[in-house]
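A.B. asks: Number 328 in my numbering belongs to position 328 of the sequence shown; there are no gaps in the numbering.
Everything labelled a hint here was simulated from the structure, so no lab data went into it.
Any given hint could turn out to be false.
Distance condition first, Cα-Cα at most 25 Å in a straight line; then the derived BS3-like pairs of lysine-lysine [claimed, not checked]:
1. Lys307 / Lys297
2. Lys8 / Lys27
3. Lys307 / Lys318
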Amino acid sequence: MFEGLNVKVAESAIGRWFRLDGSGHPKQREGSLFTTELRAGTTTFFAMAYIIAVNASILADSGGTCVCESTADDPICINNEAYALCKEVVRRDLITTSAAVAALASVLMGFFANLPVALAPGLGLNAYFAYSVVGFNGSGNVTYQEALAAVFLEGWLFFILSVFGIRQWLARIIPRSLTLATGAGIGLFIALIGLGSAGLGVVGGDYTNLVGLGGCTAEYRDPEHPNYCLSHVLRSPTMWLGIFIGGIFTTLMLLYRVRGAIILGILLVSIISWPRTTPVTLFPHTAVGDSNFDFFKKVVAFHKLEKIGNALDYNYAKGQVWIALITFLYVDLFDTTG
Numbered sequence: 001m002f003e004g005l006n007v008k009v010a011e012s013a014i015g016r017w018f019r020l021d022g023s024g025h026p027k028q029r030e031g032s033l034f035t036t037e038l039r040a041g042t043t044t045f046f047a048m049a050y051i052i053a054v055n056a057s058i059l060a061d062s063g064g065t066c067v068c069e070s071t072a073d074d075p076i077c078i079n080n081e082a083y084a085l086c087k088e089v090v091r092r093d094l095i096t097t098s099a100a101v102a103a104l105a106s107v108l109m110g111f112f113a114n115l116p117v118a119l120a121p122g123l124g125l126n127a128y129f130a131y132s133v134v135g136f137n138g139s140g141n142v143t144y145q146e147a148l149a150a151v152f153l154e155g156w157l158f159f160i161l162s163v164f165g166i167r168q169w170l171a172r173i174i175p176r177s178l179t180l181a182t183g184a185g186i187g188l189f190i191a192l193i194g195l196g197s198a199g200l201g202v203v204g205g206d207y208t209n210l211v212g213l214g215g216c217t218a219e220y221r222d223p224e225h226p227n228y229c230l231s232h233v234l235r236s237p238t239m240w241l242g243i244f245i246g247g248i249f250t251t252l253m254l255l256y257r258v259r260g261a262i263i264l265g266i267l268l269v270s271i272i273s274w275p276r277t278t279p280v281t282l283f284p285h286t287a288v289g290d291s292n293f294d295f296f297k298k299v300v301a302f303h304k305l306e307k308i309g310n311a312l313d314y315n316y317a318k319g320q321v322w323i324a325l326i327t328f329l330y331v332d333l334f335d336t337t338g
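Construct the complete structure from the given sequences, taking the supplied hints into account.
C.D. replies: Here is the structure:
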């Protein structure tokens with residue numbers, strides 16, 4: 001059955017375009033069958049699908065376009081329910097856009113470049129954007145809209161550098177040691193974010209050192225500094241769920257070369273967090289938890305963009321915007337040169 005399907009697809013216009021084995025194309029790829037490519041594409045999807053949720057969660061931590069009505073007791077809206085609900089809408093918008101952008105970029109890469117390369121938002125720059133440029137809940141020196149404008153201009157600069165061969169020239173003259181050091185630094189930065197409040201929560205803030213132990217439940221956090229634990233460190237049930245199931249279990253699956261190991265870990269943690277009566281629930285009985293649970297019960301829904309469309313502020317007269325732009329461009333250049 002599969003042999004017949006492979007032959008029919010290979011002899012079609014689609015098979016000739018993608019140079020499948022048996023298509024008759026002068027540069028056909030031996031062993032490239034329709035069913036083989038289908039399995040490879042499915043495997044690639046399961047290996048990278050996690051980025052849809054992770055990218056949205058990281059960027060939503062910046063607050064997006066939500067406006068924080070700060071008070072003396074709550075300067076960055078940690079306990080503001082209306083602001084938290086707005087951030088959830090932003091997160092859903094970002095999930096939709098992350099999936100749409102990844103799908104469009106991957107289709108264009110396959111159709112026009114004819115390369116088996118899937119594209120999606122990457123970790124590193126999104127974390128720098130959310131936590132260093134805009135800041136948690138917009139506590140940085142650059143607004144979300146200004147940071148988007150910086151990314152927009154950086155994209156055009158990167159395009160121009162690539163078209164005129166300047167990017168390739170820079171790749172040749174930059175020392176290999178600097179390239180490796182930059183990659184290692186980005187990796188450590190992502191690891192710190194994953195271990196911090198945006199991920200497991202093992203790492204928190206400290207009043208005397210830069211970092212300290214975290215992992216406390218909400219009632220033991222400093223109300224003015226939500227990433228600082230006053231006591232009961234490493235007692236959070238969600239932290240241990242992430243360590244044992246999301247970390248150790250997934251690592252074992254990877255060691256045994258189980259296909260879709262990362263997705264299996266994500267699914268298992270997700271299923272465990274669904275019941276609302278457990279200490280590790282994703283849907284606590286709060287305004288945000290109720291809103292998320294109502295959205296979750298829809299199972300399948302098309303979410304229209306509400307908060308993040310056309311949200312650029314071209315305030316290029318601000319010095320902090322240019323610092324962010326140059327950093328974005330610098331990291332992008334290293335990301336694409338290996």
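A.B. asks: Decide, hint by hint, whether the structure agrees.
C.D. replies: Quick rundown of the hints versus the structure:
Among the hinted pairs, Lys307 with Lys297 is consistent with the structure: their alpha-carbon atoms are about 22 Å apart, no more than 25 Å. Of the pairs offered as hints, the one joining Lys8 and Lys27 holds, with about 18 Å between alpha carbons and a cut-off of 25 Å not exceeded. Annotation: proposed proximity of Lys307 to Lys318 holds, straight-line Cα distance about 24 Å (limit 25 Å).
In terms of the numbered hints stated before, the structure departs from none.
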